[in-house]
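> Next come the chains, spelled out residue by residue.
There are 2 protein chains.
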Amino acid sequence: MHTSNNPTAPVVTQGPLPASAKIYKSGKIHPDISVPMREISLHPTAGEPPVVVYDASGPYSDPKIAIAIERGLPRLRARWIEARGDVEAYAGRDVRPEDNGSVGAKHLTPEFPVRHRPLKGKNGKSVTQLSYARAGIVTPEMEFVAIRENLGRERLRNAVERDGEDFGADIPDFVTPEFVRDEVAKGRAIIPANINHPEAEPMIIGRNFLVKINANIGNSAVTSSMAEEVEKMVWATRWGADTVMDLSTGRNIHNIREWIIRNAPVPIGTVPLYQALEKVDGVAEDLSWEVYRDTLIEQAEQGVDYFTIHAGVRLHYVPLTVGRVTGIVSRGGSIMAKWCLHHHRESFLYEHFEEICDIMRAYDVSFSLGDGLRPGSIADANDRAQFAELETLGELTKIAWTKDCQVMIEGPGHVPMHKIKANMDKQLAICGEAPFYTLGPLTTDIAPGYDHITSGIGAAMIGWFGTAMLCYVTPKEHLGLPDRDDVKTGVITYKIAAHAADLAKGHPAAKIRDDALSRSRFEFRWEDQFNLSLDPETARAFHDQTLPKEAHKVAHFCSMCGPKFCSMRISQEIQTEAQKLGMAAMAEKYRSGGDLYMPVGREGQ
Amino acid sequence: MHTSNNPTAPVVTQGPLPASAKIYKSGKIHPDISVPMREISLHPTAGEPPVVVYDASGPYSDPKIAIAIERGLPRLRARWIEARGDVEAYAGRDVRPEDNGSVGAKHLTPEFPVRHRPLKGKNGKSVTQLSYARAGIVTPEMEFVAIRENLGRERLRNAVERDGEDFGADIPDFVTPEFVRDEVAKGRAIIPANINHPEAEPMIIGRNFLVKINANIGNSAVTSSMAEEVEKMVWATRWGADTVMDLSTGRNIHNIREWIIRNAPVPIGTVPLYQALEKVDGVAEDLSWEVYRDTLIEQAEQGVDYFTIHAGVRLHYVPLTVGRVTGIVSRGGSIMAKWCLHHHRESFLYEHFEEICDIMRAYDVSFSLGDGLRPGSIADANDRAQFAELETLGELTKIAWTKDCQVMIEGPGHVPMHKIKANMDKQLAICGEAPFYTLGPLTTDIAPGYDHITSGIGAAMIGWFGTAMLCYVTPKEHLGLPDRDDVKTGVITYKIAAHAADLAKGHPAAKIRDDALSRSRFEFRWEDQFNLSLDPETARAFHDQTLPKEAHKVAHFCSMCGPKFCSMRISQEIQTEAQKLGMAAMAEKYRSGGDLYMPVGREGQ
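Sequence lines, in order, name chains A and B.
Those letters in the first sequence? Residues 1 to 605, per our numbering, in order.
Those letters in the second sequence? Residues 1 to 605, per our numbering, in order.
Hint data in this document are derived by calculation from the structure and do not stem from the laboratory.
In this text, all values refer to a predicted model and were calculated from it rather than measured experimentally.
Some hints here could point you the wrong way.
Since copy identity is lost for identical chains, a pair holds within one copy or between any two.
[Claimed, not checked] Heads up, simulated SDA-like pairs for lysine to any residue below, C-alpha to C-alpha not over 25 Å straight-line: (1) Lys421 to Asp170; (2) Lys580 to Arg384; (3) Lys421 to Asp515; (4) Lys22 to Pro74; (5) Lys122 to Lys549; (6) Lys580 to Asp286; (7) Lys421 to Gly506; (8) Lys25 to Gly124; (9) Lys580 to His343; (10) Lys553 to Pro50; (11) Lys398 to Phe387; (12) Lys421 to Ile512.
For reference, chain A alone in the conformation it holds in the complex (with noise of 0.2 Å):
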């Protein structure tokens, strides 16, 4: 499962998940896409059609392409992007050692192997996929999502039974490329995709489409290195990651994010800020435009496909947090908070904010607005600090749009069950229906350790509610770095809380796969149930932990009730029955008001 023809390259995880096969649809409008997507086999007694399920691991779970991390992954978006002819390759900045925290050649990161020559706009226009749409123009980019988004709708186009509640929210039935462009025009919906980060697969953050998950990797100063970051980025997007941030904090922090955006198949997220911190040797009050701006088109001539921006950070909202439990959470809000009070001058985040607007357009990159005064605590959820940042956030969130710039707003953190639903109503009314990416919110601060878990119940009820992109959380939050394993763990409980949520607004497609995964439990199909599960891997440890032979695979029964007591076996016996006895007509019966099911009379009653 592992390659690497290059002893410096990292080593990366490869090969198709089980009974799972690549496949690729191409476009109408642009016959040249090839969309992605991934396959599941059922055994033949199924008598079923595999299941076509969304897949963001893009080329290595494809056995026939062959992977060389030292090259990158092939640039898909390179032509469309040329087509376009509204960029222009320049010589770009040079990398510089502060870049790299100034290490030294014994601990430096080797440089990515192959340089590209960045892109950006001719003359500082707009190449954001916003300007496309408000021009009308289907981009490729946009059929390509419509596609990757319709996955198994097709075959219910006109059977659709919509079963949900959405709260106000816009799902087609099917998605056309019009949809995608309408919504991406409209501001409700963007596609991360810096022109500078061809390789990664297109994919849409919008109330209106499936709900979406970002896993969260990166160094700090205290452990781990490049090899482990490409392989973890590689892992979350194998088990569902649909964006990763890179929130690397220590040194060689540019070479390793050149590693991993060359390999990345789905858009790479960053925080600016924490690199700018590096080059002023981690001291807040030194921070400036001037090396923050640096910063920016560095990351943006790499590829950086969103920055989270912590703009709404503003010197009156810092005294609100004073009283707080757990005062500051977010690192950004922290920093930008320590920098507004020393210098007792407004953010210069805030203050440059057309400035900083006019560079993403150029390249592409998407606001992720910063919620530096998120919650820590239950005990600081929903507060006077917490929403006065969201007003700011709404009011840059209209600058971004006129600047052609595409926007979404972070938000939760902590947030009690019962203050959860405000955070999203608020959030719509404020910030214009651009999408809204949340961490978590927690529910309870109360289970270090098990913070997936605290998280994802509130990461799958503001999903529902209309959240577009689900930050994982995983069991490390608060006590350390994450490792393979949590990050594989964080990214399956927050596909868990993703798909619950589309199953609870009505996708019409969502319950395709509950439905063929609840069909194969119910015919004892181990294999299929296996194989349909969100990690078929620790599903088919789990079974065989008890019921190791292969005999098992076949059984009608399993370990927790053995045979005799098997309710799947005795409701299959009785469904058998109930063939022989004519009962469904019977229950048709039952239900027209026929009276041989009525009731009948109870003893001593």
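Put chain B on the given structure of chain A with help from the hints.
Just chain B now, kept in the frame of chain A:
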């Protein structure tokens, strides 16, 4: 942590949790009652009193109490029961070979060494907590649970800030013994407390009390032994299980249950149908009222505190399940459906329901009216079969109440988020506010191996909506029997769900622990953060994976961000700086409309 004085006795986990001491509070009406709680000490720098938390673990966590599994726990309720003067001891039913599945001597689990003569109500008199409550009697059990539920509220009594949405529940600021009596009398809460299980510490299940959780244990024909099951019971209560259901279905079922009950500090529930089926060699058609009745008496004499009875699975409901994706998934439900269908007769449980009540009230065994037709897949949620059965459960509740029997109602299974609330609303309306006891619900079918999480989401929500007790689901659900680790994961997940529900309902003292933990987090009291968490061992282990040194337990950062990027540290610096600047006063000024911190102009706008 493990002890045994006897080679045949099982070894169980003992000893206090970290930084924890067992404390006891005595009663006012009944001065001899001694209500256990766990007191968690904080570091002296906290300057805070210890945090007192609910404690389901019984004597095992009290180092002052000598445990001898082969003698059983102290019989704390024996005097209270005797003092009421309404019970009589009698010879009781002899143990028969079929009670243990006619197992041979070689494989027979040894009998429990001490035999107590069973008690029952004199001349069939009702000895239920409901009958006392209706008679206006505040029993020691009622005062015990009042004190137990009040934990932490005494201090808040005059300073309660209620914050929550309770959907029409009636949670008092302070729980008096009279309030408990009244809730029991109304049937809105139950105290499962068989007079033959005097070892159990009383607890209450009702919408106006803390949300409780149940853990299932039990061997099956395929796997596991008595020693394992006793340890699983102790282990489950150590982490917070409020009741334990013994769902054993294999041989030795009588003897294993006796070991469990004699050592259980919490109420024990069973599904008597399972043992009845063993007595007829697993042939559902051979079941009869006589075999079932015998089993009820056998288990009532042993001290089982509540019985799941699937009396709502009526003959004419069976056809309603034929078109389902997963048919009938309740073991008890499928057995009864098969019996009904085979004999084409009404269920003997339904027909003999009043006789069942007469047996149960003579021992104070509570009803847990089983949801034999609960949905086993998203596709089957909230269907006709499920709600038809619920109607019957409502009818049976009223009959049980006329017989002075305590009743709770079982519910959910697999239900997508948008269909959860309807379950709670219907149950409240149909079953006269009898407590609801739900499995999960699982909010999607696609994650076997993670069904503690798919169901933890639904459990938190339905707990918020009003469910009184949540039946846990472990990671092994659908795949195999849970081992010790799975039991712990299931219990902790459900403690999270129950606590998140308490917070959202606005339970007046629930937030105390969250706030204490969050303050310790903000002040870098790592030890306090571990000790206050639901699972101190895991929290500590996760932290130590990257920062194992003792010095790091006082470090003002962790491995997630390292020192420069620690938002908590920066935020503390902000607070210090703010104090210097008199920032709190500034904040006040801002809030009251002063202009010092009014929005400043932004460049270029």
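> Are the hints correct? Go through all of them and say.
Now the hints, each set against the structure:
1. Proximity of Lys421 and Asp170 under a CA criterion of 25 Å is satisfied in both settings, with 18 Å inside one chain copy and 23 Å between copies.
2. Taking the shortest Cα distances, Lys580 and Arg384 sit within 25 Å of each other only across copies (23 Å), while inside one copy they are farther apart (66 Å).
3. In this assembly of identical chains, Lys421 and Asp515 lie within 25 Å of each other by CA distance solely across copies; the values are 22 Å between and 29 Å within a copy.
4. Taking the shortest alpha-carbon separations for Lys22 and Pro74, only the intra-copy value of 16 Å comes in at or below 25 Å, while the best inter-copy value is 63 Å.
5. In this assembly of identical chains, the alpha carbons of Lys122 and Lys549 never lie at most 25 Å apart, being 64 Å within a copy and 54 Å across copies at closest.
6. Taking identical chains as interchangeable, the C-alpha atoms of Lys580 and Asp286 lie at most 25 Å apart only when they sit on different chains, with a minimum of 21 Å there against 82 Å within one chain.
7. Within a single copy, Lys421 and Gly506 get their C-alpha atoms as close as 18 Å, and across copies as close as 16 Å, so both meet the 25 Å cut-off.
8. Taking the shortest Cα distances, Lys25 and Gly124 never come within 25 Å of each other, neither inside one copy (34 Å) nor across copies (73 Å).
9. With identical chains, the CA atoms of Lys580 and His343 are at most 25 Å apart between copies only, with a shortest distance of 14 Å across copies and 84 Å within one.
10. For a Cα distance limit of 25 Å, the shortest separation of Lys553 from Pro50 inside one copy, 20 Å, qualifies, whereas the shortest one across copies, 52 Å, does not.
11. Within a single copy, Lys398 and Phe387 get their C-alpha atoms as close as 17 Å, which meets the 25 Å cut-off; across copies the closest is 49 Å, which misses it.
12. Taking the shortest Cα distances, Lys421 and Ile512 sit within 25 Å of each other only across copies (23 Å), while inside one copy they are farther apart (28 Å).
In this structure, the earlier hints numbered 5 and 8 are contradicted, and the remaining ones agree with it.
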